[in-house]
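Trainee: Protein chains in written order, with the numbering used here: chain W, 1 to 292; chain A, 1 to 253.
Hints are supplied without guarantee of correctness; some may be wrong.
Taking CB as the label site, the calculated pair distances span [unchecked claim]:
1) W:Ala-265 / A:Gln-139: 54 to 64 Å
2) W:Gly-92 / A:Gln-139: 28 to 38 Å
3) A:Gly-145 / W:Leu-89: 48 to 58 Å
4) W:Val-97 / A:Lys-65: 40 to 50 Å
Computed, partial: chain W to chain A, Cβ under 7 Å [unchecked claim]:
5) Thr-163
6) Gly-166
7) Arg-176
8) Arg-279
Since the hints were derived computationally from the structure, they do not count as laboratory data.
For each residue, glycine too, the CB sits at the ideal point set by N, CA and C.
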Amino acid sequence: MSGFIQLVVSGLATGAIYALVAVGFALLWQTSQTINFAQGEFVMVPAFFVLVAMKVWGLGYLPSIAIGLVVSALLLGAAFKGLVVEPMLRHGVLPLVISTVALAILMKESVKDFYSSQAQQFPPIVEGTDIEFLGAVVSTQSIAIFFVALGAVALLNWFLSSTLTGRAMQATAQNRAVARILGVDVDRMILYTFLINGLLTALASFLISPIYLAKFTNGETLGLAAFVAAIVGGFNHVRGAVLGGLILGVLDNLAASYVSAQYRAAVPLIVLVVVILFRPQGLLGRVEERSV
Amino acid sequence: MGPETGAPILSLDSVVAGYGPMTILHGTTFAIERAKITTVIGPNGAGKSTVFKTVFGLLKVRSGKIAFDGADITNLAPRELLAAGISYVPQGRNIFPELSVLHNLELGGIAAPPAIDIPARIEAALDRFPVLRGKAKAQASTLSGGQQKLLEIARSMLLDPKLLLIDEPSIGLSPLMVRETFDILLGLRDRGTTILLIEQNARSALQISDRGLVLEQGQTRMYDEASKLLVDPRVGELFLGGTSQHGSTGGNA
């Protein structure tokens, strides 16, 4: 039983990170029909921004994290929108999707060539000590990750529902044409979404890299996990993406221990197939009405 | 009082516009009088909705000129047109389904200059539409079709526009709700708002209108008092579903 609790707690920590990435994924889809297959690389790369700031420029942890967040918002948010999404989306969703696949490869290879192909140590947000919880030994790092990640999602949720700008962003996602007609600055709202996605993936990067180490291949599994989490929860819902991320994190961890570590990578795909078969709109999703 | 008297509030002069490579308006010209309800009638594809989208800056004017209240508004963006005093309620459902009724209303004021007291205007709108006040905190998707249309109209009136463009407000509504919607439009007109209306049910729309504008292939065919168009046999045959009420032209095929 204590082993089970341990697995659930660390699974919730990973799941909360998946949730961050999945929320960004769902937001991009809602406001701009962007399916970002480089989302995993968006999580892989910010850790290297921080490592450059720390190791090349010799800055401390917190200033480097701050730089990592700003650079991620600019490059993975604004530049991604302006240089990849906007030019490609004019030609349709499929060309954009393929461009994001290409971008993923470019980012991966760039990190390998310009930084290192070796896994890099990355400092944790808190030093991990083990504490007892319901008879099980759990790491404070897992708990810290869980609360930081869900705290960020809660903050985002507060922004989206309790500020006029947030509600204008929701309006843009729910009915862009009408938002424009009412005078919402739709382009700015879409830009905000991209900046937020850049920040979410950067935060996920800073939380997960201490566990898995920073490596150029990290995006492969993370991108898939976020994609599946978003679909499982319902592609059009922030809450759904959070739920999907947590479920996936826990299942992933349990399967690795109780079934087989080799089959762990298959868990997201099995979950995906089951959800698509029985609840294609996702656990919390609504069936989308599309009108001309 | 003929249609010619008084300075028009909205005028289109040889406007050419359309979607992508497709041209729908080939030099549309007309002028609309102030503080009147004008119904635009015409067959499907006549360019009625296209006129609205072009006036409201959603489609580019390729040539020609649009003037509103004495100023050139050709190719202004929706935000600027809202500031100038035009609101637009398109066809179909135009709510944000997962935002509350209150937050839907609030977004009607997002382009307002800071001097305007939006919360007070929202209060006034909820006073005028008690059914919306009862559901202010509910998700807009829980409203009935008619209530959603009321919400859209209330929202479009939040900036107190001089001109309201409203496209097919009665579609999918019960006869009772259609009546209520028309009564609201008449009330707005009586307070001095100019209304330009497109309606599938042209006969009942003309009955509440002051003027009618007949559009065919993007061209103005007629512009006259609504009561005259209602009894005009040409209009009756073509657009009002067969014989006109008075001068019968002897049945339809």
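Trainee: All the hints need checking, so say for each whether the structure fits it.
Mentor: So, going through the hints one by one against the coordinates:
Against the hinted window of 54 to 64 Å, the Cβ-Cβ separation of Ala-265 (chain W) and Gln-139 (chain A) comes to about 39 Å, which falls outside the hint. At roughly 32 Å, the beta carbons of Gly-92 (chain W) and Gln-139 (chain A) sit within the given window of 28 to 38 Å. Our hint of 48 to 58 Å for Gly-145 (chain A) and Leu-89 (chain W) is violated, since their Cβ atoms are close to 32 Å apart. Checked against the given bound of 40 to 50 Å, the beta carbons of Val-97 (chain W) and Lys-65 (chain A), roughly 42 Å apart, stay inside it.
A hinted interface residue such as Thr-163 (chain W) counts as satisfied when its beta carbon comes closer than 7 Å to some beta carbon of chain A; here the least separation is about 11 Å, so the hint is violated. For Gly-166 (chain W), the interface hint is violated, the least distance from its beta-carbon to any beta-carbon of chain A being 10 Å, above 7 Å. Evaluation of the Arg-176 (chain W) hint against chain A yields a violated restraint, the C-beta minimum of about 10 Å exceeding 7 Å. Restraint check, Arg-279 (chain W) versus chain A: the minimum CB separation of about 19 Å is more than 7 Å; hint violated.
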